[in-house]
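> The residues making up each chain are set out below.
Protein chains: 2
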Amino acid sequence: MPSPNIGPELQRLIDLLAKLPGLGPRSAKRAALHLLKKREPLMRPLAFALIDAADKVKACGTCGNWDSIDPCAICADASRDPGVLCVVQDVGDLWALERAGAHKGRYHVLGGLLSPLDGIGPNDLNIGSLVARVSVGGVKEVVLALPSTVDGQTTAHYLCDQLSSSRVSVTRLSQGVPVGGELDYLDEGTLAAAMKTRRPA
Amino acid sequence: MPSPNIGPELQRLIDLLAKLPGLGPRSAKRAALHLLKKREPLMRPLAFALIDAADKVKACGTCGNWDSIDPCAICADASRDPGVLCVVQDVGDLWALERAGAHKGRYHVLGGLLSPLDGIGPNDLNIGSLVARVSVGGVKEVVLALPSTVDGQTTAHYLCDQLSSSRVSVTRLSQGVPVGGELDYLDEGTLAAAMKTRRPA
Numbered sequence: 001m002p003s004p005n006i007g008p009e010l011q012r013l014i015d016l017l018a019k020l021p022g023l024g025p026r027s028a029k030r031a032a033l034h035l036l037k038k039r040e041p042l043m044r045p046l047a048f049a050l051i052d053a054a055d056k057v058k059a060c061g062t063c064g065n066w067d068s069i070d071p072c073a074i075c076a077d078a079s080r081d082p083g084v085l086c087v088v089q090d091v092g093d094l095w096a097l098e099r100a101g102a103h104k105g106r107y108h109v110l111g112g113l114l115s116p117l118d119g120i121g122p123n124d125l126n127i128g129s130l131v132a133r134v135s136v137g138g139v140k141e142v143v144l145a146l147p148s149t150v151d152g153q154t155t156a157h158y159l160c161d162q163l164s165s166s167r168v169s170v171t172r173l174s175q176g177v178p179v180g181g182e183l184d185y186l187d188e189g190t191l192a193a194a195m196k197t198r199r200p201a
Numbered sequence: 001m002p003s004p005n006i007g008p009e010l011q012r013l014i015d016l017l018a019k020l021p022g023l024g025p026r027s028a029k030r031a032a033l034h035l036l037k038k039r040e041p042l043m044r045p046l047a048f049a050l051i052d053a054a055d056k057v058k059a060c061g062t063c064g065n066w067d068s069i070d071p072c073a074i075c076a077d078a079s080r081d082p083g084v085l086c087v088v089q090d091v092g093d094l095w096a097l098e099r100a101g102a103h104k105g106r107y108h109v110l111g112g113l114l115s116p117l118d119g120i121g122p123n124d125l126n127i128g129s130l131v132a133r134v135s136v137g138g139v140k141e142v143v144l145a146l147p148s149t150v151d152g153q154t155t156a157h158y159l160c161d162q163l164s165s166s167r168v169s170v171t172r173l174s175q176g177v178p179v180g181g182e183l184d185y186l187d188e189g190t191l192a193a194a195m196k197t198r199r200p201a
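Chains as they are written, first to last, in the numbering used here: chain L, 1 to 201; chain E, 1 to 201.
One or more hints might be untrue.
Because identical chains share one entry, a pair is satisfied inside a single copy or across any pair of copies.
[Said to hold, decoys possible] Simulated crosslink set (PhoX-like; lysine-lysine; CA at most 20 Å straight-line):
id, residue 1, residue 2
1, 104, 140
2, 37, 56
3, 58, 38
Rather than coming from a laboratory, the hints here were simulated on the basis of the structure.
Start from the sequences, fold in the hints, and give me the full structure.
Below you can see the structure in the form of structure tokens.
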């Protein structure tokens with residue numbers, strides 16, 4: 001609800017800031033005040049960074065990662081193994097795997113998950129381009145790094161089906177106890193999975 | 001720490017978003033992804049709203065409130081009582097009082113609190129303009145709506161001193177149990193204050 005005594009320019013800024021994930025109506029007001037106090041060091045640079053990124057950042061034509069160059073820095077990096085493709089839902093998941101240094105191959109960003117309930121089918125995702133990429137040859141393994149949710153499992157099954165005709169090996173991330181995790185706080189599904197796939201100590 | 005495989009435009013946007021209060025490095029990445037998915041409905045409008053507000057929103061020459069008109073909408077509102085001035089630390093506090101509909105007079109925004117430790121003295125705040133505003137006449141009461149902190153109390157005492165030569169009555173917000181608050185969770189200082197200033201039921 002707009003406050004009667006906030007000017008239209010300020011109210012508009014607050015309304016737009018409140019649409020960012022992690023900011024609600026109150027923290028958007030706080031952010032707007034903070035920005036107005038730092039017009040030259042933060043407010044104007046942020047405006048230009050938004051325009052710059054909106055203009056230059058594009059989805060990589062090969063893998064779907066967001067970068068200002070195409071192919072993206074990961075696809076263009078000759079030191080990365082082109083034989084292992086890691087399939088992720090979103091660019092945020094790609095960043096998480098990069099932060100962990102967990103993958104030395106290339107990626108393929110689906111742009112979402114299959115979700116019959118939300119009406120998201122195979123043609124809404126970058127699945128055709130994944131199958132095409134694999135069928136060209138050179139890929140030995142496809143790692144499905146998808147979330148352990150119903151939609152994630154549905155998507156993983158569908159991708160296994162689609163890739164079954166190629167001779168690529170399809171793997172998925174293992175499930176188990178998080179590093180540093182207390183057993184007491186883990187859900188039963190994870191505990192059961194960790195027990196089932198137990199390994200020699 | 002910048003991730004090696006995020007392009008410079010995107011990294012710059014994430015770094016600036018992370019400087020907003022309420023957003024950390026991870027939520028800034030999430031916000032950047034959200035913005036890139038909504039370039040036309042959110043990202044570009046936010047950039048233009050930032051520039052527009054940075055250009056147009058100014059401190060009111062009378063009270064220090066932020067608005068795109070000067071005097072601000074509150075100072076220009078003839079239906080508000082010019083005889084009661086509410087002194088606040090910041091525009092955010094003014095908004096909070098407006099949201100509560102708690103004050104029908106005008107405001108005076110100090111722009112901070114006296115803080116000997118941080119080197120903030122009377123000349124760094126809008127105190128001279130408050131004294132001048134009161135000395136012109138027409139103001140019957142000055143309500144100090146300042147926080148119950150050491151700096152807030154210091155500032156309140158200093159303002160009482162400065163205003164003592166004028167014949168204006170200086171009041172402050174009462175302290176006590178918050179509406180809907182459980183006694184059990186209140187600090188001892190607030191409980192003691194509420195008991196000391198108890199009123200007939």
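> For residue 104 vs residue 140, is the C-alpha pair at or below 20 Å within one copy, between two copies, both, or neither?
Classified as within: same-chain Cα gap 14 Å, cross-chain 73 Å, threshold 20 Å.
> 20 Å Cα cut-off: does residue 37 pair with residue 56 within a copy, between copies, both or neither?
between (29 Å within a copy, 13 Å between copies)
> When no copy is named, should residue 58 and residue 38 be tagged within, between, both, or neither for a Cα gap of at most 20 Å?
For residue 58 and residue 38, only the inter-copy Cα distance (13 Å) is at most 20 Å; the intra-copy one is 30 Å.
Violated hints for the displayed structure: none, as all numbered hints are satisfied.
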